[in-house]
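K.L.:
Please model the entire structure based on the sequences and the hints provided.
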Amino acid sequence: MIVCVAIVGHQNNPLYIQSFTDGDDALKLHHVVHCSLDVVDERVNNPKKSGPMLNETYLGLLYPTENYKVYGYLTNTKVKFISVTTDLDVKDADVRNFFRKFHAAYVDAVSNPFHVPGKKITSKTFAERISTIVKAFGLSSAG
Amino acid sequence: MTDPASTPLGRMLMDEISPVVMVLTTPLVEAACQKNGLSFIEMLSPFCAFSNIDVPVRTASDQPYRLQKFKLRLFYASDIRQPDSQVARERLLEVITQAGEESLDLHTDAPQTDDLLSRSEYEVMPSWFKFFNKELIRVVSFSDHEAFDHPVACLLVVSTKDERPINRFVDLYNPDHLPSLLNDGAMDPKILKLYLLVHDNQDDGPENTTKLLFEMKSTFGVNVSQLLCINSSQDGLVEHLQNPWISPKSYTSSTLRLGHFLNKDDVNEIRDLTQELASKHIIPYMEEKVRVLNQQVSATRKGFRNQIKNLWWRKGKEDSLDASNGPMYTFSSNESQIRVLGDYAFMLRDYELALSNYRLISTDYKLDKAWKRYAAVQEMMGAAYFMLNHSWKESEHCMENAFNTYLKNVPAGHQNATRCGLWWVEMLKTRDQFKEAAGVYFLIAGEESLHSAVMLEQASYCYLYSKPPMLRKYGFHLVLSGNQYKKSDQIKHAIRTYRRAVSVFKGTTWSYIKDHVHFHIGQWYAFLGLYDAAVIHMLEVLMCSHQSKTTQELFFKNFLNFFQKTGKACELLKLPLPIIDASSLKVVFEDHRTYASSAAVSVTESLWRSFEEEVIPSLSTARTNWLEVQSKFTSKRPKESNICVVGEIIEVGVEFKNPLQISIPLTGISLICELSERSDDGQTDANITGGMLNDQDSKLAADRLLNSSASVVLSDVDCVLEGGSTTMVKLIVTPREEGILKIVGVKWKISGSVSGCYNFVANPMKNKTATRTRKHKHSFSDNLKFAVIKSLPKLEGMIHSIPERVYAGELRYLTLELSNKSEVAVKNLKMKISHPRFLNFGSAEHFDINYPACLQKITGSKRSGPMPMQREGSDSVFLFPNDNVIRKGSSLSWPLWFHAAVPGSVSLYIVLYYEIEDIECSMKYRTLRMFHNMEVLPAIDVSFQLSPQPSTPQKFLVRMDVTNQTSSEDFQMDQLSSLGNQWEISMIDPLFHPPLLMSGQAFSCFFMLKQRHEKSGDSEEISSLHSPIGGDVKLSTKDDDDSLFDVSLSPLSDFHNCERLYQEKQSEGGSHTVDFILISHQVHNKNNPGVSHSPCFLSNHACHCSILGSSPISWVIDGPHEIFHDFSASFCEVSLKMTLYNSSKTVASIRINTMDSSHLGDSGSVFSNQEGWYNVPLESAIKVTSDVRGTILKSLLWESAHPTIWSASSSTKLQLGPGSMAEIPLQVCVFCPGTYDLSNYAVQWNLQPLGAQQNPESGPSSGTCPGYPYYLTVISSSSG
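Heads up: the sequence lines are chains A and B, in that order. For the first sequence, position 3 matches number 3 in full-length UniProt numbering, and the numbering has no gaps at all. For the second sequence, position 21 matches number 21 in full-length UniProt numbering, and the numbering has no gaps at all.
Be a bit skeptical, because a hint or two may be false.
What the hints assert, rightly or not - Label pairs and their calculated CB-CB ranges:
1. A/Lys120 <-> B/Gly653: 27 to 33 Å
2. B/Ser610 <-> A/Thr75: 52 to 58 Å
3. B/Pro665 <-> A/Lys120: 25 to 31 Å
4. B/Lys393 <-> A/Lys120: 43 to 49 Å
5. A/Lys78 <-> B/Lys393: 32 to 38 Å
6. B/His177 <-> A/Asp24: 55 to 61 Å
7. A/Asp24 <-> B/Gly529: 27 to 33 Å
8. B/Lys369 <-> A/Thr75: 49 to 55 Å
9. B/Pro665 <-> A/Ala93: 53 to 59 Å
10. B/Asp432 <-> A/Asp24: 48 to 54 Å
To be verified - Part of the chain B face toward chain A, derived, beta carbon under 10 Å:
11. Pro468
12. Pro469
13. Gly475
14. Thr509
15. Asp515
Simulated from the structure, these hints should not be mistaken for laboratory data. Even for Gly, the Cβ is constructed at its ideal location relative to N, Cα and C.
P.N.:
The following block contains the structure:
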């Protein structure tokens, strides 16, 4: 299951970070997400490694930590989506699909005329939508 | 690629994997050496590393090569064993703790990442890392499965002072005391023995020694016996230029004397000894061994036959695996010999040979599942590959393989894995694969917290030096490492790592992480008792609005706690909490403008300025008298500063915002001000202008504050900021001396302990540069700069008992009181009120009058009540009488009348202008601005409707509709007055009295208004000035005749005039309008005793009530109503008279159309919805005739042909002047008896416009009115 999702702006500033765990490990997940930005940078700077697809937004598995797997996604506006999962074997297609939905939700959220670009996303609707997507991902990957 | 030998790993391998010489000494040898502060090994070891030994070596191949660098490792026999891991750990702990003490340098900032990146890795990494790593590697030395730690030779050392040295040599090599390695069969016990005789030159001459040496040589052999003379210097004052015994790191005072008995000859002798030891004995011995072993290995293992045999043999051995890694392989076993061969070859730099042998046995060990040995061989293979500089991949693969094998298959193999990992890391670093190296560090971090802390920290540096730098991982691993340091109680190290991590997170918006780092640094500093540093870091986490409430509380509490412990309660800190928005700053000061209340301050300046225009003297007109004085002064003063007066307050409103969810108690909020003397040239003292409040000189500012306290009085405010709230705090400063006053900042105390300050002018440097550009000079900081001038008189004014909520129509008597508290008198008072409709000046006679009795009509002929006053100057400017000079300490009262004209919110602006008598004052005049806002509640709504009586042209029916719009108040109507003396109003029923008007009640009553005919055309003005007779109707039940109000008296008539002026806009006035004043009073509700009541009356003014109906033309038809006629004779002719009246102001052309046909019904329906009052047909009239003839009844329904016909003209046209009457004769013929309605005519009127004036609001200019019903009954006289 996904324990954390995050949106990071193009200046590597956190726009939205939400953990889905019961425990008090928000700080740890913050660290994990923050560190994964290094990997994103690396992937972006060395496009050789990112595979044959030139315009691919999905970055794939960024790095496995002890307990988590971190997946990344990079939009054309250099906004990064990070998801941290505890599943050890996740189908790539599932993650890809998840990020696509995530991206759509993000686009809707920032299209809100009251949203200030570059500021944190505080929309409740967005948060609800994300948690629905995350739940759906948990169901699909479990089934 | 550089030479592998010169890389760190190469050096490390050449250091670590070098021949070991076991040393056995007697105590006397050690004693001789200790004179120099050294042990025997310590004395020799600096000379055991040879950089240019240049020895030819020939190993397995026939091709000899030359060794240049070589090293011997000397160990006491007692040390040749597996080090005690407990001891090793303690030593590591000691090293780390010591390093921690050194690292905690409070005064230097943590190095910035950019700074770190510009330096090389080995500079940045703490030096004790190297030591730590070395110790870790040492822990696994002298293991039985690795041959390179096995002693190659044994050095037996005996002093000449020993008794019977030859016997001592024999005794020394006692197998019982030898290391277990030699005894338990892990290595060959037959090793090379060398004999060394040490002679201390201080003891006696060399005669004895030569004899002993000779004896030795004869006993042990010439080659292996040596003599070493030391301590040749008698006085012990040898100074070594480069003391070889001093390692650069352990530099202490005692080390200076190391080796001070060893002179140059001694040193040379030692050097020669070790060189000989290496080149003549050890290397040849090893060569020999390599060759022998190689032959053996070739014999047993090389070739296809041997391979098969080996495999076969191994297969059989598979069963006996239980005794794993134990004494399975003795030194004589094939495998051990191959391993020794490999290690010796490695040590002799023949890496090819070493590698081939390692490869050979690695498969054997693997087949045997001897994992520890297998891993060790893999490790060496990796090292050999590396030294050969052949294939990165191979070497890395070997290392990884070894590492994983250690971890997975070797019980307690972690230490070995650590060594392997460290080598691996070095290998990766050599190839700039820092990221991978970091990963390896992470893998060897392990469970033990201190160990993992160091490893994680090293990993973090790897991330820092990877290309491109992975700063976030660097920060993360530093944090992880710090966490582990903390777990192992190395708080100083924890602080060090965290502080380095801070630089990574600085300036980012990852606030959770930042808070975590700062908070923990703060806590740890506090734990160490360094509260100053703790507070600095706690300051960083105070602004934690994103955190939960409990976290905020925790941070806040900790901060307060630490701060209190610093014991610097008086020091000002630049606190980030609460937030002060400098743009929200609101400064209120009084120069020539003074304010009566804070409400007056909040009114925008432009509004006041435009309002004041009439009152204050304009510059151009007043130039001759007062500006000259003023201009002299202004030229001296810096123009950009504001002016304030000594002893008068400056109020600064500062907005404090609390972003947290917890409430913050603030105490002692006050301004920080500077008051400096003004020098003659108008410049302020340089030292004070320059001194702005910075971090550094905050204390200075505090001192200055104390100094200036005598000349400036500051207010203290306490408040509690609730979570998430913004509070405007009003701070007051009162200058006591002349000069330049500057408001620098604000200070406060949180929870009574922490003093914070905020500098309004955030960047003083920027401000200084701004002085060049004069245009922008009038900036924010200048608004906080004041020129304090000499004390001036100031009037304080207030209106006593001005209500905040009144009912519409209320009339009140108020008193304005002006007091002068200063020494100088003021004169020439002027006053202006914005809404004369609401507030009006009274006159001097109004003093001490009895309201409301003063308004009542005096029954006597003489009228002494207040008269409408004559105004001077402008309409709304009131000049006080000239003799009104308010002197020191005195006050002046003036009456005011207040009338709540219309419901709604009313803002009253009052400006009082006064001049100062003292000419010497820098200001000639001042103004006092007063502002009152009040709510006028709707109370009584009164409307009048007048309709002319058709029968009597000059009588009007007045309907008064009164509604009480309040919800709780009752009113009693007292009087209705009509203004103007041509009107006479009376009740229709004189005995009727309107009841008490309860709340929410509506009520109508009727009056009769009669127009008096007066010959003289009296104008409005006169009528309003004179008392109207009969214009009042008493409505109250009181019998008292005196209680009638005189509406012509001052306040009522004044307000009425205002109302007239105001209401005129709405309805076009004319002479045919009437004004009404309804006077009522509030009946005090007994149910509501809490509200205090003053006796006050309500006057409702309804002006310009038109007396006209809907059309300006009115008419009356006069004539007989009942006629007896004999129809047998002729038809009946009836003469009627129509009286027309034009009530409009213009000439009307009127046409009267009489109609005999029935289409009148249509027109009747058209006008049926017309408003107003008209008479309805009386039913009785129809009934009277109903019995006579049914056909006649029908005629009344206008359907059938009329038995009547208009005779004379069918259409009459005439012009009627304004206000004039005309009579027109009409005639109707009746053909049969009956009752007829003669309304079948219409009056068409057309008003002629007055010139070009075309006022659309004046009503319709033309219209058609149907005739009024007029009933004529004709009775046949013949029948009766």
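K.L.:
So does proline 665 of chain B sit 25 to 31 Å from lysine 120 of chain A, Cβ to Cβ?
P.N.:
holds, 30 Å
K.L.:
Against the range 55 to 61 Å, how does the distance between the Cβ atoms of histidine 177 of chain B and aspartate 24 of chain A compare: consistent or not?
P.N.:
holds, 59 Å
K.L.:
Should the interface hint for threonine 509 of chain B be scored as holding, given a Cβ-Cβ cut-off of 10 Å against chain A?
P.N.:
holds, 4 Å
K.L.:
Is 27 to 33 Å a correct range for the gap between the Cβ atoms of lysine 120 of chain A and glycine 653 of chain B?
P.N.:
holds, 31 Å
K.L.:
Okay, aspartate 24 of chain A versus glycine 529 of chain B on CB: inside 27 to 33 Å?
P.N.:
Hint holds: Cβ distance 29 Å, inside 27 to 33 Å.
K.L.:
Taking 52 to 58 Å as the hint, is the beta-carbon distance of serine 610 of chain B and threonine 75 of chain A inside that range?
P.N.:
Hint holds: Cβ distance 56 Å, inside 52 to 58 Å.
K.L.:
Can the suggested window of 32 to 38 Å be confirmed for the beta-carbon pair lysine 78 of chain A and lysine 393 of chain B?
P.N.:
Distance hint for lysine 78 of chain A, lysine 393 of chain B holds at roughly 36 Å.
K.L.:
Is it true that the C-beta distance of lysine 369 of chain B to threonine 75 of chain A lies inside 49 to 55 Å, as the hint says?
P.N.:
holds, 53 Å
K.L.:
With 48 to 54 Å as the target window, see if aspartate 432 of chain B and aspartate 24 of chain A comply at their CB atoms.
P.N.:
violated, 39 Å
K.L.:
Quick one, is the proline 469 of chain B hint okay against chain A at 10 Å, beta carbons?
P.N.:
It holds, given that the least Cβ distance between proline 469 of chain B and chain A is near 9 Å, below 10 Å.
K.L.:
Quick check on glycine 475 of chain B please, does its C-beta sit within 10 Å of some C-beta on chain A?
P.N.:
Interface hint status for glycine 475 of chain B: holds (8 Å vs cutoff 10 Å).
K.L.:
Within 43 to 49 Å or not, the Cβ separation of lysine 393 of chain B and lysine 120 of chain A?
P.N.:
holds, 46 Å
Hint compliance for this structure: hint 10 is the single one not met.
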